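Trainee: If you're matching them up, the sequences are chains F and L in order. Sequential numbering from 31 applies to the first sequence in our numbering. Sequential numbering from 31 applies to the second sequence in our numbering.
The hints are simulated quantities; they were obtained by calculation from the structure and are not laboratory data. Treat the hints loosely; a few may be bogus.
[Unchecked claim] Pair ranges (Cβ atoms, derived):
#, chain 1, residue 1, chain 2, residue 2, range
1, F, Gln215, L, Ser183, 42 to 48 Å
2, L, Asp287, F, Thr67, 36 to 42 Å
3, L, Ala126, F, Asp251, 26 to 32 Å
4, L, Gly220, F, Asp167, 53 to 59 Å
5, L, Asn62, F, Ala126, 47 to 53 Å
Just so it is clear, the structure is predicted and the values come from calculations on it, not from any experiment. We put the CB at the ideal spot given by N, CA and C, even for glycine.
Residues per chain, in single letters:
Number of protein chains: 2
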Amino acid sequence: MTDWLAVDWGTSHLRVWAMSHTGTVQERRSNNAGMATLDQDGYEPALLDLAGDLLGTGITPVLICGMAGSRQGWAEAKYVTVPCSPPGIDRATHVATDDPRLSVQILPGIKQTSPADVMRGEETQVAGFLALNPKFDGVICLPGTHTKWAHISAGEIVSFRTFMTGELFALLSQQSVLRHNVTGQGWDAGVFADAVSNGMSNPAELAARLFSIRAEGLLNDLHADQARARLSGLLIGSELAAARPYWLGQHVALIGDDALCKAYGDALGAQGLPVERTDADRMTLEGLKAAYLGLKENTA
Amino acid sequence: MTDWLAVDWGTSHLRVWAMSHTGTVQERRSNNAGMATLDQDGYEPALLDLAGDLLGTGITPVLICGMAGSRQGWAEAKYVTVPCSPPGIDRATHVATDDPRLSVQILPGIKQTSPADVMRGEETQVAGFLALNPKFDGVICLPGTHTKWAHISAGEIVSFRTFMTGELFALLSQQSVLRHNVTGQGWDAGVFADAVSNGMSNPAELAARLFSIRAEGLLNDLHADQARARLSGLLIGSELAAARPYWLGQHVALIGDDALCKAYGDALGAQGLPVERTDADRMTLEGLKAAYLGLKENTA
């Protein structure tokens, strides 16, 4: 029987875990009903569509993290300000529903005043990592569309910084003039390593080195795999140059997509850094469980 | 009577000037029949559609610069390698046409081996500037989708470098998460100046400062005009940091869109640089005229 639902509701996806009171996963489901496809009235039907048959006759708690809590989402769950622990369910926003079987709570994101920054969803992955590694002090890097670097100390997110690296890669590889060169999904590890090094040593040249990918395609028939690896390496190298205060001399844990974490891990490894890679989905689930258990403690 | 046609055929536009032998413009026309809208068989009909009624009964020379000479254009006009003078009609590629009244020649672009780089169209604007300023020694900056910086000495393009700054601005302002902040066409000169300074002093932080525009929109209601000026300033500032070997201690001439040249002029002016702004269309026409007159000399 489903005791509660753990939900990760992002821009492009909806993921639901049917949970028991003891924290066991009974079933997991997902689809593409992300925030980008929904207006405010669409959230409850979308949730029932994916998971309605998992509900019993009583009230089922539903705990949500991610973009569903943004101003354009289901209901705004206002940011908590750093330094702070990853917010638990005591900071969550209750959402009224038509279906009386649902008791929906949305976890807040976190914000930083200076430099201005926000995250929504990643803080729950950090919570999951800290639940599994309660004594961790160091840096968590969450590669993605908007890569986050977070300083962790004494169980708190002390500061963080977001880089648009992943979105730049997507725009440049799919929509810019470089799309003629960056075709396919291939890779060249040697070219990537060189490009990371070039990106780190002269990040100002980024916009020029990007165009060189195009020029080398025209003049030297640069291979598509090399073009893709170079684009990624230049962008990640530039990011590493700016994120140096985060990672230098630190223990770094990576949470994110496997291929992307491998790329970041290779780039950081080349700087001589010990890097720990984790399972991103598991961190999300563990974060939601930690928040739910928090509720249990608070209401016991 | 039209003695020849001067044609600027770019990715997004077709511009035709009906010329007399003495270099007087008799008529100018333009439309959106750029390379992006045409396959190889479409060029001759597109030219006749816009300018067919300008032709006499004899043969009319047609001199073309721009992307029509690329591999995906009407016919490939192979690049000339720097250092070189802007290529004249003696380096042009003749294109066979069905209509016997046309004698079409396409001017080549120029290329650089290391760092790999290419331009196609801008070299004709450089030719026009040098026709009007034959003793110019210095740097020409051509802001645009792919901004070019060119070292000019003794009438030759010695070296050049392309920055994807304009394309990054278009992608980020229209397609990225920043489109929610960068709305409209407004401007804030003070914010632009600060952002140029920030971009120059720490270009590595670009991907993070870009996301800060989003965060400040969410947290501090950053105004759309300020967001747009900051995005532009960060990108141009980063470019200026990398292009410093080009402009430092130089006389800089700007050729391009008025608003964009004003932005570059303001940014360079803040560095204490004397900047000269020009009329981009006039430079293109003067470059085509210089190439046509070159033909006259060569065939006299």
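Trainee: Is 47 to 53 Å a correct range for the gap between the Cβ atoms of Asn62(L) and Ala126(F)?
Mentor: Given range 47 to 53 Å: holds, Cβ gap about 51 Å.
Trainee: Does the beta carbon distance between Gln215(F) and Ser183(L) stay inside 42 to 48 Å, or does it fall outside?
Mentor: 45 Å Cβ-Cβ, so the 42 to 48 Å window holds.
Trainee: If you check the beta carbons of Gly220(L) and Asp167(F), does the distance land in 53 to 59 Å?
Mentor: 41 Å, violated
Trainee: Take the C-beta atom of Ala126(L) and the C-beta atom of Asp251(F), compute their distance, and say whether it sits inside 26 to 32 Å.
Mentor: The hinted range 26 to 32 Å holds for Ala126(L) and Asp251(F), with Cβ atoms some 27 Å apart.
Trainee: Given a hint of 36 to 42 Å, does the C-beta separation of Asp287(L) and Thr67(F) actually sit inside it?
Mentor: 37 Å, holds
Comparing the model with each numbered hint stated earlier shows that hint 4 is the single one that does not hold.
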